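2 protein chains.
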Amino acid sequence: MIVGGDGYCGWASALHLSKLGYEVAIVDSLVRRLFDEQLGMYTLTPIASLQKRVKRWKEVSGKQLAVYIGDVCDFEFLEDAVRTFKPEAVVHFGEQRSAPYSMMDRNRAVFTQQNNVIGTMNIMFAIKEFLPECHLVKLGTMGEYGTPNIDIEEGFITITHNGRTDTLPYPKQASSFYHLSKVHDSHNIAFACKAWGMRATDLNQGVVYGVHTDETSLHEELINRLDYDAVFGTALNRFCVQAAVGHPLTIYGKGGQTRGYLDIRDTVRCIELAIANPAKLGEFRVFNQFTEQFSVNDLAKLVTRAGAKLGLEVKATNVPNPRVEAEEHYYNAKHTRLVELGLEPHLLSDALLDSLLNVAVQYADRVDMDQILPAVSWKKISSKPKTVVGTA
Amino acid sequence: MIVGGDGYCGWASALHLSKLGYEVAIVDSLVRRLFDEQLGMYTLTPIASLQKRVKRWKEVSGKQLAVYIGDVCDFEFLEDAVRTFKPEAVVHFGEQRSAPYSMMDRNRAVFTQQNNVIGTMNIMFAIKEFLPECHLVKLGTMGEYGTPNIDIEEGFITITHNGRTDTLPYPKQASSFYHLSKVHDSHNIAFACKAWGMRATDLNQGVVYGVHTDETSLHEELINRLDYDAVFGTALNRFCVQAAVGHPLTIYGKGGQTRGYLDIRDTVRCIELAIANPAKLGEFRVFNQFTEQFSVNDLAKLVTRAGAKLGLEVKATNVPNPRVEAEEHYYNAKHTRLVELGLEPHLLSDALLDSLLNVAVQYADRVDMDQILPAVSWKKISSKPKTVVGTA
Ligand SMILES: NC(=O)c1ccc[n+]([C@@H]2O[C@H](COP(=O)([O-])OP(=O)(O)OC[C@H]3O[C@@H](n4cnc5c(N)ncnc54)[C@H](O)[C@@H]3O)[C@@H](O)[C@H]2O)c1
Ligand SMILES: NC(=O)c1ccc[n+]([C@@H]2O[C@H](COP(=O)([O-])OP(=O)(O)OC[C@H]3O[C@@H](n4cnc5c(N)ncnc54)[C@H](O)[C@@H]3O)[C@@H](O)[C@H]2O)c1
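Same order as they appear, the protein sequences are chains A and B. All residue numbers for the first sequence refer to the UniProt record's numbering, where the first residue is 1 and numbers rise by one. All residue numbers for the second sequence refer to the UniProt record's numbering, where the first residue is 1 and numbers rise by one.
One should not assume that every hint holds.
Same chains, same label: a pair holds when it works inside one copy or across any pair of copies.
To be verified - Dumping the calculated EDC-like pairs for lysine to aspartate or glutamate here, alpha-carbon to alpha-carbon at most 16 Å:
| id | residue 1 | residue 2 |
| --- | --- | --- |
| 1 | 384 | 80 |
| 2 | 194 | 153 |
| 3 | 384 | 129 |
| 4 | 384 | 76 |
What the hints contain is simulated information worked out from the structure, not anything from laboratory work. Since this is a predicted model, take the numbers as computed values, not measurements.
When you get a sec, could you build the whole thing from the sequences and use the hints?
Next comes the structure, spelled out in structure tokens:
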């Protein structure tokens, strides 16, 4: 069961697992499509409706996806879906996942924590009550760790202090109400594993890039979303689109911010590996799900170089950082556990950049230039609702 | 401004600060009185209505308490209260604070996290927007730390790992949805201090015992609440009441559970010290607010001994532990920062036990024996609402 299965990671994962022979259900409220409409920010790629996507997948693959449209914060709905479908694993992507969105105003900050924390609690309760053996695979983020000055481990760290030693949850320093909601989820899930014997894998995912996977490329109606705007667009995807339309790459602040990244084709593979090798009952397992580390400046250089090969002249510009974050810092995060399970990373090679850049060039006429510059400031967030006015 | 000022710690603190000459406002939705009615569990001491209490305090002390009755999850209400009263400090006690209550059923688990996390977010937003210099003094709990096998520091720990060193938030291992809500609050507040320059003190309080403070003893209509039931009663208070009515002390499991404790007279003094020595702008400060450590078995022995002096024959019994927690563990928590600010602890001497025991004896006829044994199990919590049936 893929919660958030209409979204960027969820759609690609649903098709990948379906292709592999798993029986797959998609649970999604489609609220992300509502955000797009409300903010007037649309995916670069023209995505089909969920109904059309699912129908097309049936035609292309012969496989049926079950669909449950509803909100996991609504327990009655969730209970019905879980009792009907009886999943062996629930992969939970279904959250509000944009840091800038969570920093737009108080309403959206509260919505983000409420939607994410309560949705996850409901899923935990549904599993406990109806399917106690079911494996919860929960999407977290590398952003939960922040940028500590020591190596980042996978979920836990062994600390020796005043002559005694214990292995404890790795300290969390998240830096937006969105990232914080993931920290809250992680603590709640760890408790449920301990108190109820639930089994869970927390995937602290890096920033995902790329569009196509083997399955979504099979038909244009299966195409995945690609966000490039300043609210939902993530770093590398955003840069590729900027390069394609001749907009300077927008480096926030000094550009030394370093994070873990991975190809969407690796996301779907990681989900496959997590499901195929479930946590034990009572186990709370944490994997850092990314393949390579880059600073923003690294990415800008890579995109500039790849753009040149396609004849694009790519410039970069430093814009004031709308976030509150360190712009120069130590960063070294472990990510061996998924590799041990068999992950063979796609590396961010020129080849990939070409393909991402090519998609960007292909759909360049869909780019709304007004959505590229950051308009959400971490410091200026207010308790008054931020009304989005249509562009003239 | 005392949020939760009608509650056990809040009422005593409001009077104490008022007595010292602070202008004090109480903000409270009175929802705790609703829980009491719904569960049919009442404080041992007969408390007056908030309106009567405040009127009586005016008569006794000549000081007026401002009162704002409403829910801090309602931002409009909170905005109005904050803009009208313009506090220099907000002391935030106003949360659902019972671990068993949060483990009764899914509804109450969700309510607890929602009420506590959103209420605190609203207070943060109100401070940021209307009174950016205002000092947030937030009640957390020692339960946020769990029972690690190393010493517990005050909020932060310096870790040397693979040859590098950083001072990071102390890892949290909470063990109920209530305790988890406090962990979430702490992370959210730490972020607001960093991102917005807010000033905050997180008081990780131990278990509070006692009834009277100098101010609440001035008149019987000022008396504080004393909870002894299995849902809202905390360890030592509960034992004293059990001793008074001849009920064996209910030790959960092996009784090796060790925690930090403090006298309610020290709670009010800690609040005074935190306000008088505010955090700096942008600072997120954590104090462990307790004075002594005891295991449940220690407490049972102390109550038995003190009871003997009053001629009470006190027995103890080990009941199956309804919680999921270690029953034998290392525990050594630092608590020097409040002492450095001038706290002079009242120690859990026989004297105090006498006075607590005396109060229990005084009101023994108000004890409902049906409310003493634990009825909420961490493992049996269900998604179905737990309906409380009136006792016949
Ligand atoms: N995209 C990334 O780079 C990235 C990086 C790290 C972690 N993640 C995590 O992976 C997950 C998926 O991210 P994404 O990029 O696919 O996001 P997305 O916005 O494209 O998809 C999320 C989906 O969840 C649905 N949803 C949200 N709240 C819901 C609710 N209460 N009930 C039912 N459905 C709900 C939305 O409608 C949407 O279809 C998120 O949890 C995100 O935090 C993503
Ligand atoms: N009592 C203890 O032993 C203890 C120990 C550690 C920490 N604490 C913390 O200290 C604080 C006070 O504890 P207490 O024992 O006085 O609890 P209490 O239940 O006696 O008082 C809490 C008060 O807050 C009010 N309240 C709850 N939610 C509210 C909301 N959304 N809006 C407005 N008012 C609301 C309730 O009506 C109640 O009057 C709590 O945050 C608790 O977690 C208490």
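Against the structure, the hints:
Taking the shortest Cα distances, residue 384 and residue 80 sit within 16 Å of each other only across copies (14 Å), while inside one copy they are farther apart (37 Å). For the homomeric pair residue 194 and residue 153, neither the shortest alpha-carbon distance inside one copy (21 Å) nor that between copies (24 Å) is at most 16 Å. For a Cα distance limit of 16 Å, the shortest separation of residue 384 from residue 129 across copies, 9 Å, qualifies, whereas the shortest one inside one copy, 40 Å, does not. When the C-alpha separation of residue 384 and residue 76 is checked against a cutoff of 16 Å, the pair qualifies only between copies, where the shortest distance is 10 Å, while the shortest distance within a copy is 32 Å.
When the structure is compared with the earlier hints, a violation turns up for hint 2 alone.
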